[in-house]
Every structure is written in structure tokens, then in C-alpha cells.
Amino acid sequence: MNPKRKQRLYLILGLVALAAIAVGLTLYSLSSNINLFFSPAQIASGEAPVDRQIRAGGMVKAGSVKRDSESLDVSFMVTDYESDLEVRYSGILPDLFREGQGVVVVGELNGNGLLRADQVLAKHDENYMPPEVAEALKGKMPTETIAK
Amino acid sequence: MLDKIIPEIGHFALILALLMAVLQATVPMAGAMTRRPLWMAFARPMASGQFLFLLLAYFCLTASFLIDDFSVAYVANNSNSMLPWYYKFSAVWGSHEGSVLLWSLLMGGWGFAVSRFSSQLPHDMLARVLGVMGWVSVGFILFILMTSNPFERLLPDVPQDGADLNPLLQDFGLIIHPPMLYMGYVGFSVVFAFAIAALIGGRLDAAWTRWARPWTNIAWAFLTVGIALGSWWAYYELGWGGWWFWDPVENASLLPWLAGTALMHSLAVTEKRGSFKSWTVLLAIITFSLSLLGTFLVRSGVLTSVHAFANDPARGTFILVLLGLTVGISLLIFALRAPRVSHMVGFNWLSRDSLLLANNILLVIMTVTVLLGTVYPLLLDSLGLGKISVGPPYFNTLFVPLTVLLCIVMGLGPVARWKRMPGRELFRRLVWAGLAALILAAVLPLIYGGEWNLWVSLGLAAALWLTLSLVRDLFDKLRNASSLGAGLRRLTPAYWGMFMGHMGLAVTIVGVTVVSHYNIERNVRLAPGDSVEVAGYTFTMQDLRERRGPNFIADTATIAVSHDGEHAFTMHPEKRLYLARGMPMTDVALRPGLLRDLYVAMGEDLGDGAWALRIQYKPFVRWLWLGGLLMALGGILAVVDRRYRRVRSTAIQAHSEQKEVRA
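First to last, the protein sequences are chains D and H. Just so you know, the UniProt record's numbering puts 1 at position 1 of the first sequence, and the rest follows in order with no gaps. Just so you know, the UniProt record's numbering puts 387 at position 387 of the second sequence, and the rest follows in order with no gaps.
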């Protein structure tokens, strides 16, 4: 093999190796880091996996937010007006977290249908609804809430 | 009287700007094709005129904000009579319509700048460059006029008062973050236009790269500052102390930055060695396309974020079509014309050329990984295959190793020579830098954190390797000079630009590494009189009070902080309630420092006078943004290099020589 060809061969081998590493890493980390979104109704019917990180969303049920008086533990119900999902969280809720408004929670379901949230996301703008939540609520929202 | 019709004047100015952009897009292009100097000469006045009328439209919108004209829907939705004037001024770009107007204005501004500062460009080149920019302007001004007119009126039912600007955006960070970011996004249109013009004209030589490089660097510097500001803003404004979330909107700005970084380096190879030509042109197209993609992602409402406004789908469709047309047409031109400008130049597998090639490959892989993680969920969703999100661990597992690889190459690159670098010499010059970096990186976590941590060592090793190899290179350059002064004089601004840019990355890496691993966060329940210790600092809540601001009421806590038993200072975190929207907001109390930030945010009222507080100790967090600023400074510094000013004379020479040949 002449030197020029050899050089090109090295280059191509290098490129292929880099690309292979990149693809491998990408697939590996994609497969372990995808969070699927489920509505409370889907969770109630057992569609969501247990002990794996998922996202869930809906409206915070009015009157369901309970704060522990000693610690920062809090529990509340997320509803899509079909089923309710109990969420437990420890920490500070976002500013725009309010009863009767849309939230997305990220966390793991345990066997009893209770979701331990690592993260609670509320929207940044009160006119704005996370698209997932809007979809999950489509056709289920009581009319007076829509009128609002 | 005149103040009643300000919005109409603005609207009209916008239409005139569109017409001028259409002329700028068509006549000079046709002139360049048919070699008519008069037609080509249309480019510059049209660019100026377009900018002038965009400026007028923009002033009209600003004026509507400043005089509280709530009959304008956009003003009514985003301002309020109680809003301080400087936020009225920045509220112009606080929401969708105005920010697209700002975008178009900056687009016009870049076009104007090109027409001013490239007076020595060959006429056909200038005509084509401005022509391409004209097309982009046409797209965006049409977008404003058809889907997002900021001058729309609410008549006859004029609201009494406005709905107020989103409180998250009532902040200094917002005043400067979007214009900087947009300057970057839009600035890449210049090098894009240069690339397309070179493809059409079939001329891509060293002179071309010297014209294109300064524009790329400046746009890149703006984008860097814009991203750093966005991260800084999120850090103190969102109230939980994160500085990068791998949020799709952040990714949208990172994508053109990564591609733009690759482009800057590939332009260097094209200028010095005349190789990588097609690749450079392709990167220019990709970079600007990614800027457009970023705009689409952010503005179309497909993403959940602070940047996504409640939106109508026509806008998303319009930008998507615009994006499709830009990418499609430019790639078509590339496919048809690229073979004409390509040129093979050989180089050894160990040389600056090959190291820059590796840099480009790595940056492109990074771009692709970020793109994949950002777009994949959207693709699945639009195909109806389920709603997923890709979490930060995905990005971290990929980005960290790729950055380390990139740093290894970056340490070698500046030392290596073009075309061929003997491996033995490279080893001899850098072996000490490498060893020192490894040893220091292994020891420093022990001293700083008390125990060894692989990831910290890895990050520090990368940063130290970058720094030490640069210092070694500088030392070698100065050692060979007759005196220190002579050596320093011989170093060009371009060299210092590279030096600063690479150092900036090292500084950012140190910041990222340390703050990610040694960050201390405690969420606590505090009532007046209670205290808590975090990272050696004692935080005592002394007082809790209500306070009234211009357009909000706030609960303010007074927190006394003491260190080693000495009372040091007090901090005042606030929870504000903005009255117009009834929207609560956390106002963080920060004690910044070069080596650590103290961060106190009020969470929620727990009753009985107690509040949930988020207290954080963030070591080296400032280094993140400091590094960003250094990088941007490097980008600017490289532009002042004398050879870009010399371009003019050589360009004229080259041009006149060409004429002679033709004659």
C-alpha cells in the first residue's frame, strides 16, 4: 500500500471508530433516559411501568394539597377528570403551582399507584398549558373550566 | 394627533421594508447573473433603506409601549401602566410578535453593516451576498406581516390597562439576553449569504475566507454571550439555582453555537491551506439552518418552556416552511455547485489540519447528539408514537466524554504545525504539560473536596491540559524571540483570540465540574429566630416583612449569615406577587463571589410564620459565565487582526488582476 492510501485508510478507520463510539453511546443513553408521558387515566388502567422514571400530568385537584407541618413533605392529587393520581413530593413547589392548574410531575410509580415525584413542573406563564397536559385533558375537562 | 397613528406608521414602515427587501433580494442577484453594474448597485441602498424602515417600525412599537397605547393588542398583552419605563422598553421583545420584529431589525442591521464595511468586495460578490440576505429578510418580514403583526389594534374596546409583562421577564437579564442571542442567530446569516454567494459565483478563495471570517467570529461571539446570559438569567431568576437544564430551548441555542464553532475552525483551515472548502460552505449552511431551527423550536409552541407563548399553529407552519425552503434550496445549490469550489490539499495524519478535522468531527457529533435528543421526542410525538422526553442524563453521558476528547485535541492543535507535525516533536513539547495536568487533576480533588472523585479529576485534567499546553506554546513562541517585547509584538491578535477562546473553555469546564460535584443544596423550614447551617455558613432568619414595589407586593425575609462565628452580612430573599397578573415570583438573594455563590430563595409560606427556604452553596459557579465571556472576547479579538484590514487592498488587487486577465 502506498503511503497516501495508507494515510487515507487510517483516516477512514478513525472516522468509523469515532462514529461507532458515538452511535453506541447515543443508543445506550437514549435507551436508559427516555421518560414516557402518562395521564392519570392511563396510570389507573395499569399502562405505566412501575419503578421506572415516567412523566405524568394533569390538573392539581382542588383541596387535595396537604403539607406536612414539620417537614417539607407534600402530597396532592393530579386529575384528568377521569382518574386521580396521588403524588408525594419533598421539597419546594414551583411558584406557579396552584390547585386547579396544570402540572407535569417526573418520578417513579410504586406498586400502590402512588407517584414519588423528583420534580414538579408548573408552567412559566399562566395562559400557557403544557401540550402533554392539554392533550391528556382533551374532551375530559368540565365545561366551566374551559370557559374560564 | 400624530401619536394616535404611531402603530399605523410602524405597520406601513414594515411594508415598505418588505418591498425594499424584495428589491434587494431580486435585482442585484439578477444583475450579478447578467453582469449589469446598475442592477448590482441596487444592493447597498436597498439594504440601508430596509434597515431604516425596520428601525422606524421598531421605534413605533417602542413608542407605543412607552406611551401606554393599550389599543395595540401586543402592548395590552405585555405591558401595564405601572411597569417601570425600562421594562416597557424591553417588553418590546418580551413576547412573540415583538421578538420577531427585533429579529428582522437585527437582520436588517447585519445587512446594513455588510453593505457599509464590505465596500471593497467585488461588486458581484456583494450583490449576491446582500441578495441572499434580502431573501432571508423577505421571509421574516412576511412572517411578521402575515402571522404576527405587533401593530394589531384592539378597537373599539380598548382595555383600561395592560395585562403586564410576564414577571419572569421583568429583569435586567431579559433586557440584554434576547438581543445578544438574536445578534448571534441572525449574524450567522452573513456567513450563510457569503457561502451561497460563493457557490453561485463559483469563487471560493483565500480572500473569500478573509471576508467571511470576521463576520462569523462576531456572530459567534454574540451567540456565546447570549447563551451565557441566558444561563445566568435562569440561574438567578427561576429560583432554583440551576444553570443549564438541557431544556430544548437551551439546546436550540447550543446547536448553532456548536456548528458555528466548527465553522470558525474549518474557515481557518480553508484560509490557511485552501482545503475543506466544500465542508466549510456546508457548515455555513448548517449553522444558519440550525439558527432557523432554533427559532422554529422556540417560537412555534411545540415546546414547553418560558419561551413558548400560547400560540396559533399558523406561525409554526410558516417557520417550518421557511426552514424547509432555506435548507432545501441551499442544499440544492450546494449539491449543484460544490464540486466547482472544492480543492484537494494533502496533509499528514498528524498535523494541525488533521487535528482541526478531528475538532470538526467531534463538534459535529456533539451537534448531532444534541439535535437527536432535542428533536427525537418531537418527531415521535408528531408521528403519534407516544409522548416522551429525553432527560439530562442522556446529554451528560454523551457530552462529557465528547468534551474530554475535544479538549485532548484542542491541547495538541495550537502547538502542531500545518500539513505535517512529527509526533516526536509534539510529544517532546507537550509531555510536561500533559503530566502536570494529570498529576494536578488527581491531587486537587483531594485537597479541595477531601476525597478523590474520578469525574472531577477528569474535568480538571481537561481544563488543565488546555491551559498548560497553551501556556507552553506561548512560552515556546516567546523563548525564540530576541527579547520578550519583540516576542510579544510578533504575536498577532488572531493568536491572542485563539488563546482567550481556548482559555475561556477551560474556565467554563472548571466551573461546570466544580459546581456540579460540590454544590450543596438544603431545603429547610425556617421561622423568624430559627437558624440553619449550610457549608460552614450559618443562616438565621431575623425578620419577615411585607413590602410594596412599583407593581408587586412582596414578603421579604432578612437572613443574617455568619461564617466561623462572625456576623458577616444579611441577605434579603423575596416572594413577590405581581398584581396585574396575580402571578407569584421568587426573587433570589445572592451573595456572589469568584470562588463561591451563596444562594437563598424563598419557597412557600408554610403557615405559622414559617417559610420553606432553598439555601445553596455554589462553588465556582461564576466561572461558567466568566469562561463564556472570555470565549466571546477571544472571538472579537481575532477579528481585529491586521490581515482582515489588509484584505481591502489585496482584494482590489486580486480583482483588478482578474479584470486584466479577462481583458
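In short, the hints are calculated from the structure, not lab data. Treat the hints with caution; some may be incorrect.
Quick list of in silico lysine to aspartate or glutamate cross-link-like pairs, EDC-like style, CA-CA up to 20 angstroms [what the hints assert, rightly or not]:
1) D:66 to H:604
2) H:387 to D:70
3) H:387 to D:108
4) D:66 to D:47
5) H:4 to H:161
6) D:66 to H:68
Here are some of the chain H residues that sit facing chain D, going by a computed Cβ distance under 8 angstroms [what the hints assert, rightly or not]:
7) 349
8) 372
9) 387
10) 393
11) 584
12) 606
13) 609
14) 614
15) 617
16) 639
By construction, the Cβ of each residue, glycine as well, lies at the ideal position given by its N, Cα and C atoms.
Here's how the hints hold up against the structure:
1. For a cut-off of 20 angstroms, the pair hint linking residue 66 (chain D) to residue 604 (chain H) stands: about 13 angstroms separates their Cα positions.
2. Simply put, residue 387 (chain H) and residue 70 (chain D) have alpha-carbon atoms about 37 angstroms apart, too far for the 20 angstroms limit, and the pair is violated.
3. Between residue 387 (chain H) and residue 108 (chain D) the alpha-carbon distance is near 17 angstroms, which keeps this suggested pair within the 20 angstroms criterion.
4. About 27 angstroms separates the Cα atoms of residue 66 (chain D) and residue 47 (chain D), which puts this hinted pair outside 20 angstroms; it is violated.
5. Our distance criterion of 20 angstroms between C-alpha atoms is met by residue 4 (chain H) and residue 161 (chain H), whose separation comes to about 17 angstroms.
6. Simply put, residue 66 (chain D) and residue 68 (chain H) have alpha-carbon atoms about 43 angstroms apart, too far for the 20 angstroms limit, and the pair is violated.
7. Of the supplied interface hints, the one on residue 349 (chain H) holds, with its beta-carbon coming within about 5 angstroms of a beta-carbon of chain D, less than 8 angstroms.
8. Given the 8 angstroms rule on beta carbons, the hint for residue 372 (chain H) holds: about 7 angstroms separates it from the nearest Cβ of chain D.
9. Using the Cβ-Cβ criterion of 8 angstroms, the hint placing residue 387 (chain H) at the interface with chain D is satisfied: the shortest such distance is roughly 4 angstroms.
10. For residue 393 (chain H), the shortest C-beta to C-beta distance to chain D is roughly 5 angstroms, which falls under 8 angstroms, so the interface hint holds.
11. Contact between residue 584 (chain H) and chain D, as hinted, is supported at the beta carbon level, the nearest pair being about 5 angstroms apart and thus within 8 angstroms.
12. The interface hint given for residue 606 (chain H) is met, as the beta carbon of that residue sits about 6 angstroms from the closest beta carbon of chain D, less than 8 angstroms.
13. For residue 609 (chain H), the interface hint is violated, the least distance from its beta-carbon to any beta-carbon of chain D being 13 angstroms, above 8 angstroms.
14. Hint status for residue 614 (chain H) relative to chain D: holds, with the closest Cβ pair at about 5 angstroms, below 8 angstroms.
15. Annotation: residue 617 (chain H) was flagged as interfacial toward chain D, and the flag is violated, the nearest CB pair being 17 angstroms apart, outside 8 angstroms.
16. A cut of 8 angstroms between beta carbons decides the hint on residue 639 (chain H): the least distance to chain D is about 32 angstroms, and the hint is violated.
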